[in-house]
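Colleague: Next come the chains, spelled out residue by residue.
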Amino acid sequence: MHKLNIKNPTNNETNPTTLGIGSIFNMDTLVQQIINGLVLGSLYALVALGYTMVYGIINLINFAHGEVLMVGAMVCWSVMTFLAREFPQLSVGWAFTLGLLTACLVSVLLNVAIEKLAYRPLRNAPKLAPLITAIGVSTLLQTLAMIIFEPNYKSFVNPLPSDPLAFWGAVITPTQVMILITTVVLLLLLVVVIHATRLGRAMRATSENEQIAALMGVKPDRVISATFAIGAILASVAGVMWAANFGTVHHSMGFLPGLKAFTAAVLGGIGNLPGAVLGGLCLGLIESIGSGYLGPLSGGVLGSQYSDIFAFLVLIGILTLRPSGLLGERLAQRA
Amino acid sequence: MKIFKLHPWVLVSALVLLVLPLVLQPFGNAWVRIVDVALIYVLLALGLNIVVGFAGLLDLGYVAFFAIGAYLYALLASPQLLESWGWLQDHYPLGLHTPWWVVLPLSAILAGIFGVLLGAPTLKLRGDYLAIVTLGFGEIIRVFMNNLDQPFNITNGPKGIGGIDPIQIAGHPLSKKITWIGIEFNSVTLYYYLFLITVLLAVVICYRLQNSRIGRAWMAIREDEVAAQAMGLNTRNLKLLAFALGATFGGVAGAFFAAFQRFISPESFGLMESVMVVAMVVLGGAGHIPGVILGALLLSIVPEALRYVATPLQELSSGRIDASILRQLLIALTMVLAMLCRPQGLWPKNKSGGLR
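Note that the protein sequences, when read in sequence, are chains A and B. Here the first sequence stands for residues 1 to 335, where the numbers follow our numbering. Here the second sequence stands for residues 336 to 691, where the numbers follow our numbering.
Some clues are possibly wrong.
[Unchecked claim] Calculated pairs, DSS-like style, for lysine-lysine (alpha carbon to alpha carbon, straight line, at most 27 Å): (1) A:K127 <-> B:K684; (2) A:K154 <-> B:K494; (3) A:K219 <-> A:K127.
These are computed hints drawn from the structure, not numbers from a lab.
In isolation and in its complexed conformation, chain A is listed as follows:
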């Protein structure tokens, strides 16, 4: 019988390096942890943007957003497996690119469909109703993924060479470089979309005040769908990158990144796009550096298996001390 195990397959997955006790406060290790933290953080940032955009516009925590990441990775894996079987002459790089594009397409369709079917009918319902639906959708997607793709861990073929590049005493893998570059490119694209297109202006207007935006000729439904679509692209790219970096995919891989990305969004100030990026990077760094030094500092009592706890401690801390987040201003208690 398959029990749903939501925890990550191995604890190493979120903190790729484990340190020996002797290496506390070694400069090289610190550089290494910062690199790992930035890579992890940029993935969180991509997912956090989806949370924050949706929240900014319809005030909903889209619980199923982490699952979009999972679906992206799963679809990419399926396409790559299919291509490797049917067209063995195709290079891995091409298979990966095709897989990534398919993943984006499927995730966009899925996320837009979720919004239409599950959230739109409840837009004026009591506060908790859409949240509960979102949890249901998340569970549903995970279960369906388990049925369709079977519940085992699948290894993800990385198109890039695995030899790390060394500099400043630290190493960085080509995959990590790819993640950083992709994140920067996507963020620039997002800035262009938000600030230089009609759609972006409509999104900003809707997030400011949906009714008045509608009076100005913006179609809120269309803007909301577009928001979900953009969020889905970012999340599925993050999912594929996640899979390439850690080398495995499985049906519950979206849960923890989703939760942490939400934490990142809150950390940066929910509804605030630069905040989500900042929050993601901060959270990645906190997690990576924290779990790297936790073991040595506590004399081996607490190991890196506690790294998943950092995100939640950060979340509880930030909500207690500064609920508006690092960059957020407007978060009054609304009745």
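Add chain B to chain A, keeping to what the hints say.
Modeller: This is chain B only, laid out in the frame that chain A set:
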């Protein structure tokens, strides 16, 4: 107290509840066991209903309190602690067998304390933040359960704790069957009566709470927190009280669960369980006690019945769909469809009740 008005209908249902396990027994203990587990879920759902239904706070980490109760019972009434800490053996040469009537209140209190600890930093915030923080709290508890086998072995990690004492009443452990006036009472049947009494007690407590000053205050907070505050209610303390009381129910249910199963592992306390209890409350009708009981019974018994459907389905789908996946699918669909089609639940109180 309306529920105690002697009505033929009440008498009939009381009779049915009394003989139910004796009727089911001949068909196999598995059936009675299903009902026992359903009663534990009813207890959990009633507890969560205080938080979600009465006070309108969405708690997605409720299973953490269940886990706290279960682990406390398991640690105080199993060989686990003595095995990992040899020096304790000198103090307890006969083994650590704390009686259940000591552990049960302790579980309730400990869970209640954790409820306050969790609620305190977050109650100023909006409901959806609370949901995420409670979810995170549930995960933290689970990470600790999984990893507290090092450097000191407390929870035995993912392997779980076994050899837990059964509940012992009047010198008789409920894990052994007894024969009384010619009727055989199996272990599961004895537990059934214990759980039934507890659930009835819980129902009475819930009704009393609902109709009390506190209950009305909770509902006022659920409907409109700002207005409730303006009416002079101390919303923070009231919300903390709801959290603590809800957690207490979870702790008691956990202790019963540990004694009943006699083995616990972190696997039983995953997020899916929290989600399931929320689904029970929401499906039945948040805030309406009979509805919540109905929801808990439906969602715990129907998946068990589905096991019989699952076998052919498993063959059809070449092993991809088994009973536990089917159960998960059912819960997920329940949550989505209940909210979309009947947001007030299957058996809501009246028009004004339900989820806010």
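Colleague: If a hint holds in the structure, say so; if it does not, say that too.
Modeller: Hint check results:
{"no.": "1", "hint": "A:K127 <-> B:K684", "in the structure": "holds (19 Å)"}
{"no.": "2", "hint": "A:K154 <-> B:K494", "in the structure": "holds (25 Å)"}
{"no.": "3", "hint": "A:K219 <-> A:K127", "in the structure": "holds (23 Å)"}
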